[in-house]
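S.K.: This is what each chain is made of:
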Amino acid sequence: MDLYSLTLTEIAKKIKEKEVTIKEVLDSVYSRIDDKEAQVDAYLTLTRESAYKKAQELQDRLDNGEDIGVLGGVPIAIKDNICIKGVKTTCASRMLENYEPIYNATVIEKLENAGAIVLGKTNMDEFAMGSSTETSYFKKTKNPWDLTRVPGGSSGGSAAAVSADMAYAALGSDTGGSIRQPASFCSVVGLKPTYGLVSRFGIVAYASSLDQIGPFGKTVEDVATMLNVISGHDEKDTTSANLEEKDYTKALVNDIKGKVVGIPTDFISTGLNEEVKMAYESAIETLKSLGAQVKEISLKTAKNCLPTYYIIADAEASSNLGRYDGIRYGHRAKEFSDLDDLYKKSRTEGFGAEVKRRIMLGTYVLSAGYYDAYYKRAQQVRTLIVDEFKKAFEDVDVIMIPTAPNTSFKFGAHDASPLEMYLEDMFTVPVNVAGLPGISIPGGFAKSNNMPIGIQFIANAFDEENLLRFAYTFEQNTKYHEAKPQFIKEDK
Amino acid sequence: MKDYEVIIGLEVHAELSTNTKMYCNCSTSFGADPNTHCCPICTGMPGVLPVLNEKVVEYAVKAGLATNCDISRFSKQDRKNYFYPDLPKAYQTSQYDLPLCLGGHLDINVNGEKKRIGITRIHIEEDAGKLIHDAYTGDTLVDMNRCAVPLIEIVSEPDIRNADEAVAYMQTLKSILEYLNVCDCKMQEGSLRCDVNLSVRPVGQKEFGTRTETKNLNSFKAIHNLIEFETNRQIKVIEEGGKIKQETIRWDDAKGIGYAMRAKEDAHDYRYFPEPDLAPIVLSDEYVNNIKDNLPEMPHIKKERYMKEFSLPEYDADILTSSIKSANFFEKANDICNNPKAVANWIMGDFARMLNEKEIEIDESKVTPENLAELINLIDKGTISSKIAKQVFEDMFESGENAKEIVEKKGLVQMSDEGAIKELVEKVVQANPQSIADYKAGKDKAIGFLVGQIMKETKGKANPQIVNKLLLEIINK
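First to last, the protein sequences are chains A and B.
747 is the number of the first residue of the first sequence in this note's numbering; add one for each residue after it.
289 is the number of the first residue of the second sequence in this note's numbering; add one for each residue after it.
Next comes chain B alone, as it looks inside the complex (with noise of 0.2 angstroms):
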């Protein structure tokens, strides 16, 4: 078998977090009951009239400049004609030649080493609605909520070569998405999506093969999987003498299996040609600039900062700051309790472990900055041993109650009163004469054994430093 190169290309579709849609006043929230966040422009009525969210086009210029584009001065919006229920003016209205923003690029690093992808174009468009299948009726219904929210889809160049770089690419861009906050990006909600263009060509051969298309893929797992998937199925196919057919994959992510769409559903001719009912986008220098001004910092900035202001590993910081979400818990907790390496090792350790595990992200989570700020303090002024705070993190990540709370509710507070400890350590030793005999010859185990008992006693709350000091003095006495 020869060696083969892929070649892959992102379209990344982001549905921008304004607070009313594309071209009317209608709220763009998640989740309403269905066809009650549109109005008669939205569902396309006949002789409405669209007015341009100006917002719109503000958050799509901060994610080009993100993304080190140049932002067009002029750019307008034209009509992609086709039919389906879903789209009630069988048109979308988006941007064809003329895009917001051209010729960027994003710095995405792979198992250690950098890699540049181009981005070739970033644009603004609507959404469709929603096509619902109800199982008990057999009818298809329509849920125009989603119609006319606005997105920007942001087209890389052919430049990624194999999942790994797609997902970094993804993660990278999701970051920035986030950081300046004009995408909420939830991957299973759909407000950040994307598809894979992909083609494979034997190492050396200079053009390049054809290549399939799959549509909105939304979670990182399955971009990863489709791409093995399809690139593993077109060698294949190559190598048995076949060709690649200029086709739409559809990805069933639960099988991990794609299909080749009938071509019927592929074969479309959009008939773009410019919005007449709306003006051209004409952006003046300060406008950009202004904007360009008032960026929020970006996560490689942020990173440096965190490793100098800080004194954090380069790791921690890297990972604290690739995302906006978790950057801000740390800034938060850390301004309350001012220990950066113990915030940090919560944030990466037990808490993302718990996160991952429920599979929600740190600003959903009960556990609030000022309750892992607070737990910090308790741990550094000795209140609690931090295998004890271990256990009221698991609390305060369940119950979204604070530290202190559950500290005193279940009576956790950390034995340091020298002379209690003293008088359990005497007993223990009185108990366990074998223990000192081994431990006398030699045997260093048969402290921890001791020390084991203690804590068993005080059901951990004995302070092991002030254990450890009293057991030393009273064998060795």
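This is chain A alone, in the form it adopts within the complex (with noise of 0.2 angstroms):
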């Protein structure tokens, strides 16, 4: 077997038996990338110099004799808004083509602390604003399991690179199912954490408040080890919250009886695939046979999210994107008459259609005369979504439900109505507005066209434990993540 196609818990404890070194493991990585990248297009930067010297230093302190870390000599990606210093760091926008940033993300910290290689920088829509990764400047990323469909998005690289080994594992960012939507398109497991569970200093904000990074593993444990090393407390985010660290990795319980799973009917009600519906029923059955005690709720607000939160998150952005305004980085127009010009032709020019549509979106809500109607209001509703989710979790340890109402979709297909492609995340929005923890993980294929589905557990904030432990017994019972992208079979 080769050693790209092995977990991140595998390969982390190979490298520390010695049975491989970082730089077998790096070369791995690198020529699946180089076999397989020119098809999938996940990457937008590839690393590999300073990837090569940081193993050389890992493997030199590893041969010393040294703990090298938990995640020691593991090769991962991280998505293009989450700034590494000295690395481009592009949003996937023209407006930062050429940005490096002068510092690292908190999350970049700890991943160095704990021993992680960057093999290079994902693919996404531009400024994490999409479904599909579609709205990149730079490429279209393809979804390894039909190069002809989306991988899904905002994280679509991310995705796709764990999807088609070509990295162990990834860090996307969740504003409203950037994670999990991809995760489920692509058949691999995505965790979006509790709003305030991991550092946001250094990811480039997209909306303040619903924002959240995340991993993407091939297991539910890969998952859970890197949630480890990034979630806690960092003083230069007031927005994280300060709690004990916990070993997410004791949660890892294959078992769920007697535990009590929700079933939101209501919720799932309209605009549900009919094969997603079945591979959601099936899991249902699933966690039954398992023990647990499955009991219906309602959401019915939470049903009603996605215009609050588009609100939310257009607002939020239309004041977070105001600075690239040409002047001190980024993308500036090279002929401007005065201040004005240099503003509008600049963002004209650096921001693509779908940003655009955002930010007007988001200055028109919270403009005088309309705040109350619109932005206000919004944040109202949030109130009574989070207030409906806490009551749910008085009854239930988790939510199950479908994390996308379908599969992936071929390239285009949203073209011509914005609003269908907002409707692809109907089933992740309401976790974001409430601030809560959910995971996708794989759930089976599509009879038709043979595309992953995803399942979502959502539960009570900072409950990461229920969540994964939910995820590992459903994966283990029923190993779904084991399957490969077609075009590795044809490989072989």
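Any given hint could turn out to be false.
Here are the computed lysine-lysine pairs in the DSS-like style, where the Cα-Cα straight-line distance is at most 30 angstroms [unchecked claim]:
| # | chain 1 | residue 1 | chain 2 | residue 2 |
| --- | --- | --- | --- | --- |
| 1 | B | Lys368 | A | Lys1122 |
| 2 | A | Lys834 | B | Lys418 |
| 3 | B | Lys620 | B | Lys698 |
| 4 | B | Lys343 | A | Lys982 |
| 5 | B | Lys368 | A | Lys982 |
| 6 | B | Lys503 | A | Lys1090 |
| 7 | A | Lys1102 | B | Lys368 |
On the chain A side, residues computed to face chain B include the following (Cβ under 10 angstroms) [unchecked claim]:
| # | residue |
| --- | --- |
| 8 | Ala1061 |
| 9 | Ile1073 |
| 10 | Gly1076 |
| 11 | Asp1086 |
Label pairs and their in silico Cβ distance ranges [what the hints assert, rightly or not]:
| # | chain 1 | residue 1 | chain 2 | residue 2 | range |
| --- | --- | --- | --- | --- | --- |
| 12 | A | Asn810 | B | Asn307 | 38 to 48 angstroms |
| 13 | B | Leu429 | A | Lys764 | 48 to 58 angstroms |
| 14 | B | Asn307 | A | Gln1126 | 36 to 46 angstroms |
| 15 | B | Asp557 | A | Arg807 | 52 to 62 angstroms |
| 16 | A | Ala1079 | B | Val491 | 54 to 64 angstroms |
| 17 | A | Glu981 | B | Tyr372 | 26 to 36 angstroms |
| 18 | B | Tyr372 | A | Tyr1110 | 16 to 26 angstroms |
| 19 | A | Gln1126 | B | Leu583 | 35 to 45 angstroms |
| 20 | B | Tyr575 | A | Asp809 | 47 to 57 angstroms |
Just so you know, the hints here were simulated from the structure itself, not pulled from any lab data.
Please read all numbers here as calculations on a predicted model, not as lab measurements.
Positions of the beta carbon are idealized from the N, C-alpha and C atoms, including for glycine.
Could you fit the two chains together into a complex? Lean on the hints.
M.R.: Here it is in structure tokens:
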């Protein structure tokens, strides 16, 4: 078996036990990238030079008998909206085409300290705005399961890289489903932690009150290990929670007997694709057979979450993206007549259509005379949604719903209607609006197109343990995660 | 012409004298090379997050308590969105609907009359950077050293009626902020500046007239002159049948003229919304009470103490306590020489005049409280005369040397040796028989001439009391 196809946990063990050298591991993953990247287009930047340098350092330390960390020597991929000092961080935007941060995101520091090696930066929807990675200024990432289909988004590059064995794990960011939905489309595990569990310092902000960084992995165990590394209070992020640190791998117990899973029947009653519905119903049966108690619950406010989400996200985005004005860094128009013209031209040229659409919507909902009707109202609904989930978790340990209403779609399928694209987020956004943790794990395949289907678990705030326990148990008893994308089979 | 009433409200911006900026650890010190006091956070690089400097809240609460405000136990920060090259995030973090301090007041004194000016609110916000226009290349450059230096904005009620009241309000506020040590109040450096909102209405009219706003006035003189200018302008417009437009005035201090800014520069929708990167500011009663209990002695309390403890006249106590710097100077000097009236006279007299001429503040002068106390001691001991003392003080002011050194170096020690003075007196009396005759004929002025002659001989060093005494003794013998 090729080294690149192992899991993070397996490869970390092999390195530690000196069955393989870190260089051999890197060689394997980069050769896999050299082989498949032309088809998948998951990466925007590869950091070979610094990766091999780091590999050498880590190997030296390991050979010296030092502990090189829980991720010692494991190559991973980073979404291109997370800042790494001296490495281009473009957010897949023309605006930041040549932008190199002068500091590291907190999660990058944590990964480095844990011994991880960064392979490169992955493609995404421009400024994380989108559900297909099609809004990237640079390229379209393909779904490894069907190269004519999207990998989901906005963290499509990270999901595709892990799915195609071009990284053992990856970081993404999830503002309205941007980790879970591409995980679902690419049949990998994607976790969106509770808002405040992982520091946001160094992730280029899209919507500050919704953004969370989270891991992609090939297994639930890998994701739990990644979460151990990246979570924890950060003094540089006052919205990060100051809680006792936990070892999330302890939650990986293959047993949910007597635990209660909530099924929000009203929430999933409309817009759900038949094949996804079948996979979901089968997941319910699986949980039942494993001894979990299934309880029907109601989430009628969350059902109407999309407008709330788009008002809050776009409002914050319109403010967060104001700084890209062509003055200090980023794209600046070549010719302009005065300051206003410089702003207008630089932003017109630097931003793509979806980003402009959201900036305009966000600007509108914050405008004098509209604030109360839109932004303030949305915040009120947000409170209702938070309360609704809180109440639901009085009776259940987790809630299970599909990750997305459909499987991956063809490129350009939603070009004519942005609204249709927004509907793809309907099962993921309530989790962000309520600040809860959610995980998407492989839940089978659609018969018609053989595309992956994701099952999503949602838990109460900071109850990642229940989330991981359900996900792990489901995974260990279904083994959907062991399937590999089609083109890998063709290789052999 | 009708009689008009002027309605003025002031928005005062005071830079807080914290060591570090509002949301990062960069220095706030003034005058550094451009873009040397900044980091990814205060320059708004992609991905950064703010962490509120707790000192900012403490300082603002102090200002609120000292101006009789209610301190909000729950307040939040908001983003004020607009584009300008000196604002790297394209929003200023400020406070919109839930400021830290609400509903206070300040008592001011104008020509002996007391008046109470309401304070609507005090909120915290960050300063912007500075644009520098390079005349040589024609480029505009951005200096971000001042980005995110913390400010408080103190908004008054429209209770002010004329320029004198506005200046008195500013002076009182400045004095309080200096007492609290929360702002260095260097108006020429812009660390204390004010926006004037002004409208006029015929006396008796209930509703307010349309107001104009003038931003960033940074001297008492500018505030005074702008108010006079704008009052006259508005009255003239109305008298001529015109209407006042709600607009922003730019004040040209050198020319003494205000110009209306282009409407475009004025048309802002700031799209305020709660700053999602910062948690609300929640203060406990304990926190607020602790600050309250540790507030320094305020000017009006100190003034009463000076009148009681040092038997100073109200006038003196008022002037000394109007600034914490002069009060501190006074107390330090008096601790050494124990002659409060003499110290007060110096600070209010020659010293004040010379500071004014140089346009510096008392703590920027080369004269230390120790130096002044020593000078007063030299007078009190009779080592020098008060006339010589003036000369010594001028030296001290210029050179910063201490009084004793100057007196010794220049040989200014007063002659109090009766024997030596007597010799001189006799010499002068002999040389001026006409004056003696004049005096004896009842012309008292003649004595003055003789004293003058003796002082001339001694270069002013002879003790004038001894000279007088001996002169009369000899003439009347």
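S.K.: Are the hints correct? Go through all of them and say.
M.R.: Structure-based check of all given hints:
1. Lys368(B) x Lys1122(A): Given pair lysine 368(B), lysine 1122(A) holds - Cα atoms ~16 angstroms apart, limit 30 angstroms.
2. Lys834(A) x Lys418(B): Satisfied, since the Cα-Cα distance of roughly 29 angstroms is no more than 30 angstroms.
3. Lys620(B) x Lys698(B): 27 angstroms, holds
4. Lys343(B) x Lys982(A): 17 angstroms, holds
5. Lys368(B) x Lys982(A): 22 angstroms, holds
6. Lys503(B) x Lys1090(A): 27 angstroms, holds
7. Lys1102(A) x Lys368(B): Holds, at roughly 20 angstroms.
8. Ala1061: 6 angstroms, holds
9. Ile1073: 5 angstroms, holds
10. Gly1076: 9 angstroms, holds
11. Asp1086: Holds: closest Cβ of chain B sits about 8 angstroms from aspartate 1086(A), inside 10 angstroms.
12. Asn810(A) x Asn307(B): 38 to 48 angstroms: 43 angstroms, holds
13. Leu429(B) x Lys764(A): 48 to 58 angstroms: 56 angstroms, holds
14. Asn307(B) x Gln1126(A): 36 to 46 angstroms: 41 angstroms, holds
15. Asp557(B) x Arg807(A): 52 to 62 angstroms: Given a distance of about 56 angstroms, which is inside 52 to 62 angstroms, the answer is holds.
16. Ala1079(A) x Val491(B): 54 to 64 angstroms: 55 angstroms, holds
17. Glu981(A) x Tyr372(B): 26 to 36 angstroms: Check passed, 30 angstroms falls within 26 to 36 angstroms.
18. Tyr372(B) x Tyr1110(A): 16 to 26 angstroms: Holds: the Cβ-Cβ distance is about 21 angstroms, inside 16 to 26 angstroms.
19. Gln1126(A) x Leu583(B): 35 to 45 angstroms: Distance hint for glutamine 1126(A), leucine 583(B) holds at roughly 40 angstroms.
20. Tyr575(B) x Asp809(A): 47 to 57 angstroms: About 54 angstroms separates the Cβ atoms of tyrosine 575(B) and aspartate 809(A), which means 47 to 57 angstroms holds.
Hint compliance for this structure: every hint is met.
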